[in-house]
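Peer 1: Sequence:
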Amino acid sequence: MCATCAICSNHWTRPMRTMVSIAVRLPSCTRSRWVISWRRKRHARKVWTVRPDFIMPGAKERPLLPLQPGSGKKGNPQPLKVLTTSAWNPPPGPRKLHGDLMYLYVVTMEDKRLHISACSRGFYVNQSTDDTFNPQPANPSYLSHSLIDLLSQISATFRRCFSQMQKKRTQRHPFERVATPYQVYTWTAPALEHTIDAIRAEDTFSSKLGYEEHIPGQTRDWNEELQTTRELPRATLPERLLRERAIFKVHSDFVTAATRGAMAVIDGNVMPINPGEDAKTQMFIWNNIFFSLGFDVRDHYKELGGDAAAFVAPRNDLHGVRVYSAVDVEGLYTLGTVVIDYRGYRVTAQSIIPGILEREQDQSVVYGSIDFGKTVLSHPKYLELLNAAGKHLRIQPHSVYNDKQEAIELCSSVECKGIIGNDGRHYILDLLRTFPPDVNFLVLPAEEEAVGRDSQAMGFPIEHRHKLCCLRQELLEAFVENRYLMFMKHAAVQLQQCVKKKQEQKATVAAMKNSADEAKPAAIEEGGTVESEKTDAKELPKDSKDVKETVKDATRPMPKADSDDAKKLVESLISCDQMNESKEVVKRVCEAVGSLKEYEFDIRFNPDVYSPGIRHVDGDANAACSLRRQKQLVKDAAEFLVKHQIPSFVHECLDHSSAPMDGVTLTELLHNRGINVRYLGKVVDQLAKIKQLEYLHTIAVSELIVRAAKHIFTAYLQQTDVMSMAAAISHFLNCFLTVSTVGYQPVSNGNGADGDGQLADEFGPKSSSGSKKQSKQSKRGGKGNGGNGGRKTTFSVPSSDNNEWQSLTSKSLWSQIRQELKAYWDFELTVEPSKEGKAASGIDSIEPLIGAFKLQKISLLRAFCLKTGVQIMLQEYAFEQRNRPAFTDADIVNVFPVVKHINPRASDAYNFYTTGQTKIQQGYLQDGYGLISEALNLLNNVYGAMHPENAQCLRMLARLSYIMGDPQEALAIQQRAVLMSERVNGVDHPYTISEYAHLALYCFANSQISTALKLLYRARYLATIVCGENHPDIALMDSNISLILHAVGEYELSLRFLEHALALNIRYYGEKSLKVAVSYHLVARTQSCMGDFRSALVNEKETYAIYKQQLGESHEKTQESSECLRHLTQQAVVLQKKMNYANGKLLSTGLPPIHIQPPSMGSVLDMLNAINGIIFVQISSKEIANFKNEIEKRQKEAGQSQPQQTAPVQANQEEVDRMLMETMQKRPPVYRSRSRTVTRRTVRSCKRNRQRRRKWHRVEAVVMR
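The opening residue of the sequence shown carries number 0 in numbering that gives the first Met the number 0; numbering runs sequentially from there.
Check the hints yourself; a few may be wrong.
To be verified - Here are the computed lysine-lysine pairs in the DSS-like style, where the Cα-Cα straight-line distance is at most 25 Å:
#1 K488 to K596
#2 K1107 to K1136
#3 K1192 to K1181
#4 K500 to K488
#5 K512 to K500
#6 K59 to K853
#7 K499 to K488
#8 K59 to K390
#9 K501 to K709
#10 K596 to K586
#11 K709 to K279
#12 K373 to K630
#13 K499 to K586
#14 K630 to K596
Claimed, not checked - Beta-carbon label-pair distances, calculated as ranges:
#15 T740 to I195: 20 to 28 Å
#16 T227 to E359: 45 to 53 Å
#17 M722 to E651: 48 to 56 Å
#18 N902 to A445: 51 to 59 Å
What the hints contain is simulated information worked out from the structure, not anything from laboratory work. Cβ coordinates follow ideal geometry from the N, Cα and C atoms, glycine included.
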């Protein structure tokens, strides 16, 4: 269901049109008619003044019903009561000979019960009844070629309703009808009436859930499809598009099938292949997909952490599959892998290697180890393939000993297994240790060196609950890049020293040549040797390649020592001495940066350096690739994360350019920097020290609490019977988000559902847990699964008390949460005594944390539901009510699976998109627009119509269209981006909120003021649900809302939003920021329009003071603020005179009217563009020609000053910007923002904009928020 933008309506339950339909149907007037509309028709202001109170600044109410405004809308009219297959199917033999294909049973809305025959000629009504079979045609038979025509003749209601349904469907946007590649679940669902539907029942049970593997020809060979698509040719662009489209289509189908199968496994609808074994060790095959549970099978992970390691191993394995699939080495195959979390269980779904089920695992493995290093095998083909992949993944080839003391060479971790299938393909699996371990969370042996000082200062190493903590690929790439820059920096220093040394040697040669003739070569040679010995040992080489080339030159034959060749002889000797020394310098540099080669930069990692039970082949301890160096590299990478990545992440957050709104976007930012979520506790400690990042600290603490609660909730669900699932989930939410001092108490909710009380009425009283378990097992014993068909028998963890979940209270739950935070993230959840009057031990509910960390219960509820898969009823919840729990079992609608899988990427589209971004940054907007448009076409070819990357391209195209002067095109493209983001990301995802804000700007530029306000109201409401009001993006939204309200003359409302935006900007950017100066100016302008010139003067003085301090008194913006102050002072004086005159002379008639010039729509639009990071500068074609001539002139001057440089010199971007600013200073500026010159753009229609683009070129500077 698509969310709408009609959030500001008074009646929340009435049907509302979608955002797209509102934007299309509103009149698109010109901007001159804009002003006339709001001046002459004052009553039209009701459109933008009607707004709900909960979106106003400072509102505490966070309702849920507006989250899906169309949820109260009634469904389609019902055309038929029943349409299903008849019980007389299949046709008997005699009727088959008469052409009967099947029989249908129909009950119309007029209560007519009919049996319809389907034959080769069409459909007709027969004379059969519920008790008598008579296939003869009725009178009349209504013979029709189409079933729709037949039903239209029978039922007038069907004819009317069916036409309405068709008309309504055609009115919907195509993006609302296209299926998404992956299912997106919402955490709230409206109350839907469950009606009788024979078609729905037929569809559900005709799929034969759990029996597809017994139907020949009905199953898909997933492994063959996945591997065949990767073998498709990829030499040309069309071939790559076809290949990537096939890969994506098969992968999305596999994810859908795997998710459905995992749910069937947990629901107990699939028989295990080993039913006689323990429930945790059972495995399943369904639809040619292998399913296993996230438990430690036969103590396989005993030394690595038991069940904790078994739970995290599928996730690590999925990461390995992702990176090897991205490298895409020809001939190396990975399994289709999907990880599903459902009802507290982790299920791993994998495609099946051909022939693996026909033999034992030890007979199938030809590479790697199945017993953690005791028996190790190798294979030359796997070494070749994995070595090729390891060069991209920074994996170091290494050798280990097997149980026979034989050295075995590996190019991956020991756990990685290579199996050659019956199809001849080389498969790799068990990639849980693809990347090196994280020593910060690994307790090293006593003989090992400790971690670095920076890691120790932050409390590392920390003993984690499992030993599968690995570093992320993003971190390794950043670490290698950092070391390479260090290497090149040293090389640059050496280059300068070599040049200087060469000049000194030339001077020495010249001096000695003048002094002596015959003794000159020997003297210079001795002098050169002395100079070489005096060279600093820390001098660094230029590059290992240069070293090799110079060494090669040094091995040439030496010329004879005569007077003519003396100079060449000396130079060759000097070069030889320099390279002998440089060779040693290269060796020392490589050792300093940790290179695994003596004379070449090579940073790679051994994933088995700290694996328990692995014996490495280690020769010389001082060798370049020794085990000691390999271990030190892993330690350095872990210390690099703590010393560099975390502080740089915190520092980058200070500019608020990409401020995360929730835990999902925060996790993405951390992962992009290679920071694992297990470091989030340390990140929170860093954020707590910075006042400007208070909002991010709140989001991070919320994420920690939700993740800790999820860990506890997983074990909580595993101990809960399926019949008590809804009651248990509601009780957990009550303990988590409210104060629950007693255990679970059934509460009647008015519709007959009262938890276990209802179960007692249906199944009798529960005398004890043992009798209840026995009765349930006896009732489920007849499901045909050999006594193991019930979920309780298969999956439930044995417990002495099956009702243990009922004893949970808020105090016990929060005690477990605090323990989990300390054990997993090393984070102490405490409350300052000075704030709450309680010490750390006093946290027995969520209430003390609300004020201490500025948490929001509705945000915690949303995050928890999305992470655990809980879907609740869309209604208002009274969290503060004490005498009644906030949640009941009737409020739990469903539990949906949380799916993790790889995302195949369209490589060519990605290259086009990144190239387009580069062109845009260089100022070539038209070229960038064309490249990104081509990227969108390629994405549509690969992914189809709906995909998150498509939405990203649409957003960029809309922004470019707006920048290049076509707001109507920008509006049309952005509408598609919003609809797509709602479908593929979710109606309340932060990306969708950002799309709403962009669409509001384009609507305002197209004269759709009411729609722009509705969209901003919608975006603000969703943002407050996700993260609350204390966020930099809320300040931007409030500024946008206030500007639009200011444009339509609603100054009081505008001032409320502006003051809130000003307070947030001061909090996050500082009191002397230019953003704060702009906010002060906007407040002053609004107050002046209200006639409050005294307050306007005060705020404008703040603006002037900031500009004067930041930009200087002579800056144009400072002068403009000074001019504004002078104007406000004059207005204040005029107002005071009129008041004095009125008080003395005209008390009876009142004050004379004050004429205040309302703002023009052009100035409002310019200000909206500026605060949203868009600044327009107009340059004529003549000025562009002057730019070109000036650049060519400077290139010639640069070429004359450097004659040895033959290549043309290209002007850098800074020079072009400086020339641009010099030209713009000649123009009379009207408004400037963010210390950048801005020329006011007159608001014109789209037609006029297109005419202007023929004469003018626009250079746009995008200031990213």
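Peer 1: Now tell me, hint by hint, if it's right for this structure.
Peer 2: Evaluation of the provided hints:
{"no.": "1", "hint": "K488 to K596", "verdict": "holds, 19 Å"}
{"no.": "2", "hint": "K1107 to K1136", "verdict": "violated, 31 Å"}
{"no.": "3", "hint": "K1192 to K1181", "verdict": "holds, 17 Å"}
{"no.": "4", "hint": "K500 to K488", "verdict": "holds, 19 Å"}
{"no.": "5", "hint": "K512 to K500", "verdict": "holds, 18 Å"}
{"no.": "6", "hint": "K59 to K853", "verdict": "holds, 12 Å"}
{"no.": "7", "hint": "K499 to K488", "verdict": "holds, 17 Å"}
{"no.": "8", "hint": "K59 to K390", "verdict": "violated, 55 Å"}
{"no.": "9", "hint": "K501 to K709", "verdict": "violated, 67 Å"}
{"no.": "10", "hint": "K596 to K586", "verdict": "holds, 8 Å"}
{"no.": "11", "hint": "K709 to K279", "verdict": "holds, 21 Å"}
{"no.": "12", "hint": "K373 to K630", "verdict": "holds, 21 Å"}
{"no.": "13", "hint": "K499 to K586", "verdict": "holds, 22 Å"}
{"no.": "14", "hint": "K630 to K596", "verdict": "holds, 15 Å"}
{"no.": "15", "hint": "T740 to I195: 20 to 28 Å", "verdict": "violated, 43 Å"}
{"no.": "16", "hint": "T227 to E359: 45 to 53 Å", "verdict": "violated, 27 Å"}
{"no.": "17", "hint": "M722 to E651: 48 to 56 Å", "verdict": "holds, 50 Å"}
{"no.": "18", "hint": "N902 to A445: 51 to 59 Å", "verdict": "violated, 43 Å"}
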